[in-house]
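Protein chains: 2
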Amino acid sequence: MTKRELKLGAFLLHNGHHVAAWRHPQADTGADPLRLYQHLAKTAERACFDAVFFADSVALTSGVGGLEPLTLLSAIAAVTDRIGLIGTATTTYNEPYHVARKFASLDRISRGRAGWNLVTSDNAAEAANFGRTEHVGHAERYERAKEFHQVVQGLWDSWEDDAILNDKQNAIQFDPQKLHTLQHHGKHFSVAGPLNVSRSPQGKPITVQAGGSETGKNLAAETADVVFTAHPTLASAQAFYQDLKARVEKAGRHRDDLKIMPGLFPVVAKTQEEAQRKFQLLQDLVTPKDGITLLGRMIGNFDLTPYPVDEPLPELPLTDNGQQSRQKLLTQLAQGENLTIRELYLRIAGGRGHFTLIGTPEHIADQIQLWFENDAADGFNIMSPYLPGGLEDFTELVVPELQRRGLFRTSYAGTTLREHLGLAFPKNRYAK
Amino acid sequence: MTKRELKLGAFLLHNGHHVAAWRHPQADTGADPLRLYQHLAKTAERACFDAVFFADSVALTSGVGGLEPLTLLSAIAAVTDRIGLIGTATTTYNEPYHVARKFASLDRISRGRAGWNLVTSDNAAEAANFGRTEHVGHAERYERAKEFHQVVQGLWDSWEDDAILNDKQNAIQFDPQKLHTLQHHGKHFSVAGPLNVSRSPQGKPITVQAGGSETGKNLAAETADVVFTAHPTLASAQAFYQDLKARVEKAGRHRDDLKIMPGLFPVVAKTQEEAQRKFQLLQDLVTPKDGITLLGRMIGNFDLTPYPVDEPLPELPLTDNGQQSRQKLLTQLAQGENLTIRELYLRIAGGRGHFTLIGTPEHIADQIQLWFENDAADGFNIMSPYLPGGLEDFTELVVPELQRRGLFRTSYAGTTLREHLGLAFPKNRYAK
Chain A
0 MTKRELKLGA
10 FLLHNGHHVA
20 AWRHPQADTG
30 ADPLRLYQHL
40 AKTAERACFD
50 AVFFADSVAL
60 TSGVGGLEPL
70 TLLSAIAAVT
80 DRIGLIGTAT
90 TTYNEPYHVA
100 RKFASLDRIS
110 RGRAGWNLVT
120 SDNAAEAANF
130 GRTEHVGHAE
140 RYERAKEFHQ
150 VVQGLWDSWE
160 DDAILNDKQN
170 AIQFDPQKLH
180 TLQHHGKHFS
190 VAGPLNVSRS
200 PQGKPITVQA
210 GGSETGKNLA
220 AETADVVFTA
230 HPTLASAQAF
240 YQDLKARVEK
250 AGRHRDDLKI
260 MPGLFPVVAK
270 TQEEAQRKFQ
280 LLQDLVTPKD
290 GITLLGRMIG
300 NFDLTPYPVD
310 EPLPELPLTD
320 NGQQSRQKLL
330 TQLAQGENLT
340 IRELYLRIAG
350 GRGHFTLIGT
360 PEHIADQIQL
370 WFENDAADGF
380 NIMSPYLPGG
390 LEDFTELVVP
400 ELQRRGLFRT
410 SYAGTTLREH
420 LGLAFPKNRY
430 AK
Chain B
0 MTKRELKLGA
10 FLLHNGHHVA
20 AWRHPQADTG
30 ADPLRLYQHL
40 AKTAERACFD
50 AVFFADSVAL
60 TSGVGGLEPL
70 TLLSAIAAVT
80 DRIGLIGTAT
90 TTYNEPYHVA
100 RKFASLDRIS
110 RGRAGWNLVT
120 SDNAAEAANF
130 GRTEHVGHAE
140 RYERAKEFHQ
150 VVQGLWDSWE
160 DDAILNDKQN
170 AIQFDPQKLH
180 TLQHHGKHFS
190 VAGPLNVSRS
200 PQGKPITVQA
210 GGSETGKNLA
220 AETADVVFTA
230 HPTLASAQAF
240 YQDLKARVEK
250 AGRHRDDLKI
260 MPGLFPVVAK
270 TQEEAQRKFQ
280 LLQDLVTPKD
290 GITLLGRMIG
300 NFDLTPYPVD
310 EPLPELPLTD
320 NGQQSRQKLL
330 TQLAQGENLT
340 IRELYLRIAG
350 GRGHFTLIGT
360 PEHIADQIQL
370 WFENDAADGF
380 NIMSPYLPGG
390 LEDFTELVVP
400 ELQRRGLFRT
410 SYAGTTLREH
420 LGLAFPKNRY
430 AK
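In order, the protein sequence lines correspond to chains A and B. What the first sequence shows, in numbering that gives the first Met the number 0, is residues 0 to 431, in sequence order. What the second sequence shows, in numbering that gives the first Met the number 0, is residues 0 to 431, in sequence order.
These are computed hints drawn from the structure, not numbers from a lab. Some clues are possibly wrong.
Repeated chains share a single entry, so a pair holds when one copy, or any two copies, can fit it.
Here are the simulated DSS-like cross-link-like pairs (lysine-lysine), alpha carbons at most 25 Å apart as the crow flies [claimed, not checked]: (1) K277 to K327; (2) K186 to K167; (3) K177 to K167; (4) K269 to K186; (5) K249 to K145; (6) K167 to K249; (7) K244 to K327.
Build out the structure end to end from the sequences listed, making use of the hints.
This is the structure in structure tokens:
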């Protein structure tokens with residue numbers, strides 16, 4: 000058996016993951032975000048990261064917005080060679096034909112580096128941009144997501160691997176026996192196919208998911224290649240890891256067919272004191288307005304502005320959106336330590352409930368190794384505090400330490416994201 | 000008044016516009032279309048073209064498909080600096096929020112070079128990929144297209160030009176007075192906004208249209224920056240030009256606010272004989288199957304396989320899709336010259352009803368000049384017979400001749416597509 004190898008993603012968000020990231024003196028808030036993201040992708044590629052990753056929302060949910068992930072990833076593909084390119088597309092307000100097509104196209108453009116983060120849309124702001132007055136309920140969203148995924152997978156099998164012939168002499172462009180219509184007719188979608196993008200270098204782009212609900216975990220166990228997740232502690236990550244891997248096996252797959260990558264918010268410096276100072280610099284830049292907005296959004300889209308910021312968190316009704324697991328986590332945290340609203344938002348201003356490490360490269364590598372070797376993670380999605388400096392710190396200080404320990408690659412062995420992740424090339428359903 | 004300047008677009012389609020293009024010995028049918036299209040865009044940029052242009056269909060309508068236009072254009076943006084990037088997106092099977100966002104994102108990625116070719120979808124193959132059993136009728140499509148356009152324009156005004164402040168010191172990321180929700184509630188769409196991509200370098204991406212029907216021409220007169228059109232003769236182009244410019248003025252705009260660019264299918268060589276041989280080489284590669292499929296599609300999506308290929312074109316019912324004007328043109332051509340199906344498909348195998356020129360650089364430049372100086376065209380959309388050779392021929396042989404005559408630029412004066420086209424920067428509707 001080959002040695003198990005740590006996976007690393009660079010989760011790039013606005014000017015960084017800390018809610019005050021854009022106010023950091025070295026944060027790049029220039030008018031040209033493409034230049035910033037191309038630089039970051041190249042930085043991550045030099046460090047042999049598996050992928051860059053972009054979240055998404057089809058509404059303005061905070062700050063000044065950004066770039067649309069697929070156009071952004073394609074412009075990054077053009078200036079990189081190896082690093083995987085994972086973008087988010089919601090199943091709630093999209094059509095499967097468009098999504099299948101865009102990711103297949105990105106996979107061809109990037110020569111096999113595309114990944115689709117399948118999400119459902121859970122807030123009213125997104126609903127209102129697509130003709131609805133309120134967001135879609137959890138059960139309906141997941142039912143639609145599951146069928147959406149089936150259709151996308153089906154469309155990605157439209158062309159068999161060797162369907163295209165381009166035989167100029169005999170005027171045979173492709174083998175019609177190897178082109179397949181889908182004729183999907185389900186509850187949410189009717190899609191004939193075939194896809195008008197031919198088979199992509201990975202066979203199919205990678206599928207990523209992040210749902211933490213029972214339904215979400217079951218869908219991921221059946222269908223995902225990678226799961227992103229949020230766990231503040233080793234125990235919580237281990238419980239999730241064991242649970243999800245068991246579900247993967249129950250779904251008839253091998254447990255290694257799905258990689259679990261918790262988010263990691265790292266603040267790294269050569270000494271513990273310097274790392275703490277780095278973190279405190281960002282904490283001091285959080286305004287009450289931004290802190291309250293962030294907390295309200297994270298805890299299930301509630302308006303917390305009416306409540307006194309230095310009083311305990313009020314009782315909130317259970318949310319019916321995708322933040323249920325995070326709402327529970329934050330409520331327990333606040334109640335357990337009797338935190339005020341201000342204290343609570345400062346707790347999440349950086350890692351937002353994700354695993355947070357503040358310290359030296361050795362300390363951070365120790366913790367990564369601990370999680371990786373103790374059934375808590377197959378890798379991590381690195382959530383840099385601010386950009387570009389936060390990612391540069393991680394690649395310059397932590398990655399070499401991980402490499403010294405033999406945990407992480409020092410060069411890419413393959414060319415596709417699927418190869419980086421150690422996932423098998425998928426057999427086309429029609430192949431004989 | 001500044002001198003009127005010819006506009007040139009490079010209309011890139013599969014392996015070229017001739018139906019047998021892919022069979023041309025020098026046609027690039029390799030597995031990496033991105034490399035081909037990046038090469039072509041750079042070739043057109045060296046020749047100072049205004050834009051590259053990609054058509055689109057959300058179904059497999061012929062051949063082996065291609066890449067999705069927005070991901071493709073974004074990857075081209077990353078390796079070019081000046082040339083405009085025009086892509087097609089249908090209003091029939093899209094949501095305006097997605098379309099507004101993708102083109103705004105491309106406009107930011109390309110630093111002001113994006114253009115949206117607004118079309119409606121008129122065939123059953125597209126309908127069947129989006130849950131419909133037959134295509135949407137002409138009137139409904141245009142009603143939806145008009146409202147779609149309004150919503151997109153509104154979303155593009157979400158952020159005023161100077162809304163983003165990024166004032167780190169005072170924690171003011173943007174001026175909330177300069178961020179606007181749309182709150183559009185119409186017959187086809189309800190879209191709250193605001194757009195989550197901030198104001199793009201062109202203010203708004205360019206809008207292109209190509210509709211030839213009364214409804215289509217009126218929509219273009221009211222809203223388009225550029226119109227692509229198909230005219231085989233000077234007289235027909237002049238009639239269209241006069242008609243559309245009059246409609247533009249009737250809509251309260253200046254006639255120069257809309258540029259009319261007919262398609263031009265050029266086969267160029269140093270001598271007339273060589274050009275004819277070049278054309279004949281392609282004509283000889285057309286198989287009856289491909290010819291009949293092309294003709295059937297162009298004439299309104301009819302299956303012509305049951306009819307004898309060497310008998311006259313049968314009477315066909317009037318189509319209810321976007322090909323009405325082309326159906327009329329082709330039917331008149333066949334009847335006027337008593338053409339068989341084979342003769343008719345060979346007539347359109349290259350230019351597909353567009354202006355076709357086969358000859359020397361001087362001959363082609365003469366005709367371009369004639370149309371340009373006699374109210375038939377503001378420029379041309381160049382439809383190369385095969386790729387990459389066809390475009391290279393045009394840029395190496397015809398463009399220098401146009402430049403010698405002072406008709407076409409020898410370097411870019413501006414940086415945005417809007418500047419290349421001589422169109423004014425649009426005022427934000429909310430700006431005081």
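Hint by hint, here is what the structure shows:
{"no.": "1", "hint": "K277 to K327", "verdict": "neither (29 Å within a copy, 71 Å between copies)"}
{"no.": "2", "hint": "K186 to K167", "verdict": "neither (43 Å within a copy, 49 Å between copies)"}
{"no.": "3", "hint": "K177 to K167", "verdict": "within (18 Å within a copy, 57 Å between copies)"}
{"no.": "4", "hint": "K269 to K186", "verdict": "neither (56 Å within a copy, 61 Å between copies)"}
{"no.": "5", "hint": "K249 to K145", "verdict": "within (18 Å within a copy, 51 Å between copies)"}
{"no.": "6", "hint": "K167 to K249", "verdict": "neither (49 Å within a copy, 51 Å between copies)"}
{"no.": "7", "hint": "K244 to K327", "verdict": "within (23 Å within a copy, 63 Å between copies)"}
In summary, the structure is inconsistent with hints 1, 2, 4, 6 from the numbered list given earlier, while agreeing with the others.
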